[in-house]
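Peer 1: Chains as they are written, first to last, in my numbering: chain E, 595 to 881; chain S, 16 to 176.
It is worth saying that the hints were derived from the structure and are not from the lab. Predicted model only: the values in this text are computed from it and were never measured. All C-beta atoms, glycine included, are put in the ideal place defined by N, C-alpha and C. A hint or two may mislead.
[Unchecked claim] Sample of chain S residues facing chain E (criterion: CB under 7 Å; computed from the structure):
#	residue
1	Arg61
2	Ala62
3	Arg89
4	Pro92
5	Arg130
6	Val160
7	Pro164
Listed below, chain by chain, are the residues.
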Amino acid sequence: MQISNVGIGWRPELALMIARAPQINFIEVVAENILPADIPRPLLQLKERGTTIIPHGTGLSLGTAAPLDQKRLAHLARLAEKFNAPFVSEHIAFVRAAGREAGHLLPLPRTRAALDVLAENILAAQAALPVPLALENIAALFEWPAAEMSEVAFITEALERSGALLLLDVANLYANARNHDWDALDYLKGLPLERLAYVHIAGGITRKRLYHDTHAHRTPPGALDLLEQLCARAWPPAVLLERDDHFPAEAELWAELDAIAAAIERGAERRSLQSEDSLTQAANGYV
Amino acid sequence: MSDDARQQLAVMQAELVRALVEGTDAPATFDHERLEAAAEALLLKRARAIARVWPQLVRAMNDAFTASLAAYARDNPLPHDGSPLADGRVFIAWLARAGLLTDEGRLEAFAFDARYRIRHGAVIRRRGPLLRVLRLARLRRLIIVVRLPLVGERWLNYKIL
């Protein structure tokens, strides 16, 4: 069985915990918060230690119907070089339009026109980046009206047209499945999992009947179940916990990381049982 | 893709962002209850981000913080680099104009201004010598900051009557 890395998003508040935990060898930095010329010392030490560091962008706004901001793109490219990152990641979303910042990731209309814009921008980003780009599904509290396709179809086509990798956020999928009545398992089945670069998971809370992916609360059992379902279908090279606010005691985060590792293992066991089954069936002439 | 389709998408995206952050009318075909929830979440995120980098200001404001930030946010879009440092500093200027700024906020802004300034929505490090004095009437403190070549930065803090 291949062992997945279980990592955590690096934040200044978590720097000590991560520095003291050599078993964490996969982290992410929020690209907008790091200056390539002034990288925090703890991150340089982690790089020295051999930790894989993925620059994770939130501000490229790949879905905005306008040319990409070349400065943000160059920033992401420099970080990739500084950290020797195997790839960088961003979101299938938009965060600004007509010069106005939304302050958070917003969903795209699932139309052919938006898909064309997105694919063009991804290609432009890839041309400027020194490493592959992985793209993440977001959580959204609303959808655009008049969708021409499902989100799976939208994401799959964007990845296939651009050759980009997939960063699957199972907590975002959990949130959207709850808030928009999607079938999360169908979604998993439809994804091009052969493109999977890594996985995000995080916590949230329910407010006024809506699930909010806050990154500031415990990971819900439903998101861990989805992680298990995913691992029953495919092997994720790494799974990363995102915690951005209301940082709990270290022990609580360790418990979360343990729960993530356990979910991966349960999924992997199911996968190996399934493949044994199909081998037996093949031997018996059933396939 | 056609320029028309791109243009149309750009217009719709701009309309949606304005509806979410400025409270303008959203396109009718959206689920308005959901947009309201999303707008609320955006404001909450903005508030949490400011609270993390301007803790003294926010703590001293207590419950007044959320309402004041909501009023400020309607007329003040996020700075272009989205930095909560810059956002919070502009918010403090707004509070000062409205007569709502506390001594704690004043002191935090003073410390920020000694080292940084904001240009075109971005935070820029201040360089060169500096002498600034701040009198806090309610906290009854006099704060002085001096920055000189070779000497570096020195802070003085006196009790006043």
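Peer 1: Which of the listed hints are broken here?
Peer 2: 2, 3, 5, 6, 7
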